[in-house]
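A.B. asks: Using this note's numbering, the first residue of the sequence shown is number 1, and each one after it goes up by one.
In short, the hints are calculated from the structure, not lab data. Wrong hints could be hidden among the right ones.
[Stated by the list, open to error] Have a look at the derived ranges for each label pair, beta carbon to beta carbon:
hint	residue 1	residue 2	range
1	Ser255	Thr48	22 to 30 Å
2	Pro488	Asn788	44 to 52 Å
3	Asn791	Ile253	47 to 55 Å
4	Glu957	Glu744	54 to 62 Å
5	Ser278	Ser239	26 to 34 Å
6	Ser255	Asn389	40 to 48 Å
Just so you know, even glycine gets a beta-carbon here, dropped at the ideal spot from N, CA and C.
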Amino acid sequence: MLLKKTKGKVKIKTLILVLCLNFIIVQNLFPQEIFLVDTSKVNIQFNTKQSNLFNSIKKRASSDRVTLIKSEEINKIKSLNEIGVEIFDKGVIKFKSKNIEKANENTTIWTGENNGNHIILVFTGVDIIGSITIQNEKFKIEPLGGGIHVLIKFDETKLPPEHPKNFENEFSDTLDSNGENKLELDSNINKLYKVNTTTTITMLVAYTQSAANASGNISGLIQLAVAESNQSYSNSDVSINLNLVHTVLVDYIESGDFYTDRDRFMNPSDGYMDNIHSLRNQYSADVCVLIINNDDYCGLAAAIKAVETTAFCVVHYDCATGYYSFAHEIGHLQGARHDRGVDPNETPFRYGHGFIYPSGYWRTIMAYATYCSGCTRIQYWSNPDKTYNNVAMGTEQYEDNARVLDETANDVANFRVPATSSGTLSGNETWYYNSLTGNIYVPAGITLTIKNGATINLNGHYIVSTGGTITIEPGVNIIGHRAIVSTPSSVMGVYPLSYTIQQLINLSSSGWSINLVPGTYIESLNMKSGVTVNGSGPGTTTINGTVTFDNDSYASLTNCTVNNKITILSNSSGVTLSDITAGSSSCYLDVTGPSAYVNNFNSDYSQSYSIWVNNASLFTMGLGSLTNKYNALIVDYSTSGYTNSVNFCENTRDILAGFESGSVSATECSFSSSTEGASVQGNVTWDYWNYCGGSFSMILGKLSGTLNTSPDYEKELKKYAILMEEIRKRRKTEIDLDLKNYKEAFTKVIEGFRSIIRNKPVSNEAKSSIGHIASIYRMLDEYEMLENFANEIINDSQKESLRYYVLRALVLSYINQKKFTHAIELTDQIISKYPNDASVIEMIYYKGLVYKYYLKDEEKAKEMFEKVIRMDSEHVAAVFSRAELEAFGEEFRSNKLLSSEISKEIEIRNYPNPFNPETKIKYSIPETGLVTIKVYDMLGKEITTLVNERKSVGTHEVKFNGSELPSGIYFYSINHGKQRLTGKMMLLK
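Construct the complete structure from the given sequences, taking the supplied hints into account.
C.D. replies: What follows is the structure in structure tokens.
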């Protein structure tokens with residue numbers, strides 16, 4: 001550097017900073033010395049980009065005067081203790097540094113003052129961007145690039161309006177119809193507290209390409225906006241520090257409308273700027289700001305006192321600094337309002353308004369100029385404890401933005417809290433993003449909430465509860481996890497890919513569920529009592545090994561494909577398999593356990609058999625498809641089986657039952673043969689016969705013995721069967737088939753069944769049609785339509801005989817919807833209205849299931865199951881009830897109860913059972929009196945009266961001959977005095 005002494009001073013020959021017209025000058029390496037230079041020979045050459053930006057700046061409405069600056073050696077300038085600036089005709093103003101902060105590796109923020117005048121400079125690379133306030137006049141320094149800058153005299157009166165018209169009333173709820181405030185004023189308002197520690201609010205600032213093009217250096221502008229905001233807090237004794245954690249250019253073209261851009265910025269899933277929300281989570285940003293280039297307004301916040309989902313605002317780039325709109329919009333998000341002249345609303349804080357001082361021509365950051373003409377916005381928040389030119393900047397009652405900011409800072413600062421990445425949590429945490437560096441433990445009394453949209457990277461570590469609560473909301477992305485282990489009320493742990501399913505089973509306790517991610521698991525599973533292994537769905541989760549239930553009562557396997565054998569051993573009761581698909585011909589089910597429940601089991605591979613159940617007191621199968629088997633289902637050795645809505649198709653034999661008194665009752669099933677009974681063998685009964693093949697017939701002989709179905713009814717049934725067969729075939733290739741895609745086809749089927757009900761309301765065909773309609777609505781989850789249909793039947797006097805059947809359908813609907821109280825109430829109404837109907841037994845059994853499994857009322861459940869057995873010990877529901885009682889450890893108690901109670905009252909039984917064609921019904925009565933014994937079919941239609949006369953106390957016998965009746969289940973009932981008892985018998989021909 002060449003130096004020349006002039007009158008005791010050193011004149012710089014090599015310039016640090018050179019102005020073309022006016023200039024900025026800085027202290028050289030000798031402290032406290034300022035030197036001016038002759039700039040008459042300075043020549044600045046523009047490139048096209050610089051020229052365009054310079055012309056754009058000059059055309060801004062807010063640019064009152066503009067001059068050029070060329071700077072050199074910025075790295076030396078930014079560390080000086082004093083910087084001088086020649087401000088147009090004001091001469092050189094010297095600013096002494098108050099603070100020099102390194103914001104990041106490339107950015108330094110220099111803050112200075114001079115007798116009430118203020119400057120903030122942001123040095124980033126070779127660029128300087130800054131704001132200067134001198135005696136309420138404002139100036140900006142902006143870069144053109146290449147070390148060339150402009151000094152701008154900034155006229156805030158030429159800026160756009162702060163907000164859209166009536167913005168304040170969007171967040172108003174305290175004005176009455178006359179516009180007057182409804183709150184009664186309180187003259188004794190005390191401050192809640194004065195914050196002694198600084199609260200950090202983290203910021204994510206996004207910007208559009210248009211804003212970046214207009215600003216010269218958008219990163220520097222954002223840093224300046226944050227620095228100005230922090231300076232305003234310091235000026236006003238507000239204990240807040242804004243921390244800029246991330247800036248990002250959004251891939252978005254501005255719409256030209258503030259509301260549209262704000263809402264798109266805030267919406268996490270509308271397809272516009274959606275990545276902002278994952279970035280917000282990743283960087284734990286409490287507040288998000290979007291800088292745009294739209295001069296309709298200066299800014300727009302999403303709320304006055306935001307919650308975490310509304311902590312968003314947009315700001316016009318030219319208003320962001322110097323006019324403090326950046327801080328202004330954040331003030332709204334914290335609950336601050338405008339001055340009372342333009343905004344008399346008093347929520348959320350009566351004292352939350354900006355302050356105007358017209359006679360002094362100044363206003364605070366939240367105040368408008370509407371009632372303060374010519375007033376400059378100063379870098380202060382309303383605060384009655386602070387003065388400006390010896391005037392208090394607010395009142396305790398109405399204008400104390402500083403108090404609002406302090407009181408809401410902690411809430412806002414907790415919108416996103418940096419997550420603990422390793423170790424034991426010491427307090428409640430809410431996670432939106434985390435990348436673990438070690439295992440996480442949630443101890444007793446602590447709650448960890450992982451929010452919707454969060455991204456959590458386990459990095460091989462786990463998250464476990466050691467007594468605390470873990471809540472994972474829907475929509476969380478967990479990277480690198482094998483399973484979430486949970487109870488019905490809480491998550492117990494999240495485990496990484498290094499864990500096997502068997503390890504997870506071993507560490508789980510009864511009542512826990514292991515919820516697997518999609519994948520193929522090459523391991524065999526030994527289940528555990530009370531533990532559920534739940535896949536993500538057949539076809540997406542595959543178990544390529546055997547599954548064994550050995551002494552594992554009430555264990556479950558659900559929602560997966562299994563490629564090998566599933567075994568339920570005799571020491572495992574209450575086992576559940578749900579939504580299981582066989583993945584190969586090696587997958588078949590062997591059951592010897594006391595009870596097993598299979599729901600939606602599907603197997604299409606050629607096999608000698610698919611399910612073999614023996615020596616089990618209870619086996620139930622609902623839904624599903626068994627196809628291409630020699631024997632689809634084998635039930636023997638004292639097993640009572642029940643199948644409902646199962647498709648038996650293309651099998652040599654659908655059901656084989658009867659070895660050593662095995663039996664199966666099939667309801668609403670489809671069968672492989674078009675000839676009734678041809679594809680089943682042994683002790684099998686059914687309510688009606690659906691043929692699953694190309695042609696379809698419906699035979700109700702098992703129900704009434706004399707019913708001849710009409711062509712119209714058979715036509716509707718055929719349409720239904722063809723539709724279901726199409727769905728069955730498509731499910732082979734489309735795992736996630738959405739039945740709602742068939743809504744139009746189902747609607748046509750429903751209308752066909754409705755026509756049967758309209759034309760033949762007093763018929764078994766109508767009753768069956770109700771069942772079909774209800775099943776379709778349940779499949780489609782159209783529960784409201786089902787209720788409307790039921791009410792239509794109930795309110796039609798011509799369909800009184802059908803009311804029971806729609807009420808029964810509603811009970812099942814309520815259970816499916818988990819409206820258990822509704823289900824209980826409705827079953828009580830049915831039982832009260834139809835006390836003599838044999839199907840009431842089923843209603844009581846349903847009540848027992850609801851009490852046991854959903855309402856957790858053990859005593860009520862036992863009462864219902866015991867009542868079922870007393871009413872008809874041979875009914876299939878009684879068999880199920882015994883199994884449920886055994887699960888309570890009540891086997892002997894229930895048997896003893898039955899024998900003692902019945903022996904003191906009436907008894908009735910038949911032998912042989914099953915019979916062909918004749919059976920003897922033996923009954924005992926405790927006292928002489930009138931006895932009536934009648935026989936009914938499964939629909940409750942009376943077949944005959946066997947006894948209707950006075951009998952003496954003791955045991956009697958009557959014969960029943962069914963030679964003229966078809967095979968099926970029949971009921972007999974005895975009435976004696978006020979007592980009634982029902983039994984079930986099976987006619988096999």
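A.B. asks: Does each hint fit the structure? Answer for all of them.
C.D. replies: Checked hints:
1. Ser255 to Thr48: 22 to 30 Å: With Cβ atoms ~29 Å apart, the hint holds.
2. Pro488 to Asn788: 44 to 52 Å: At 32 Å between Cβs, range violated.
3. Asn791 to Ile253: 47 to 55 Å: The hint (47 to 55 Å, Cβ to Cβ) holds, given that Asn791 and Ile253 are roughly 52 Å apart.
4. Glu957 to Glu744: 54 to 62 Å: With Cβ atoms ~59 Å apart, the hint holds.
5. Ser278 to Ser239: 26 to 34 Å: 31 Å, holds
6. Ser255 to Asn389: 40 to 48 Å: 43 Å, holds
Comparing the model with each numbered hint stated earlier shows that hint 2 is the single one that does not hold.
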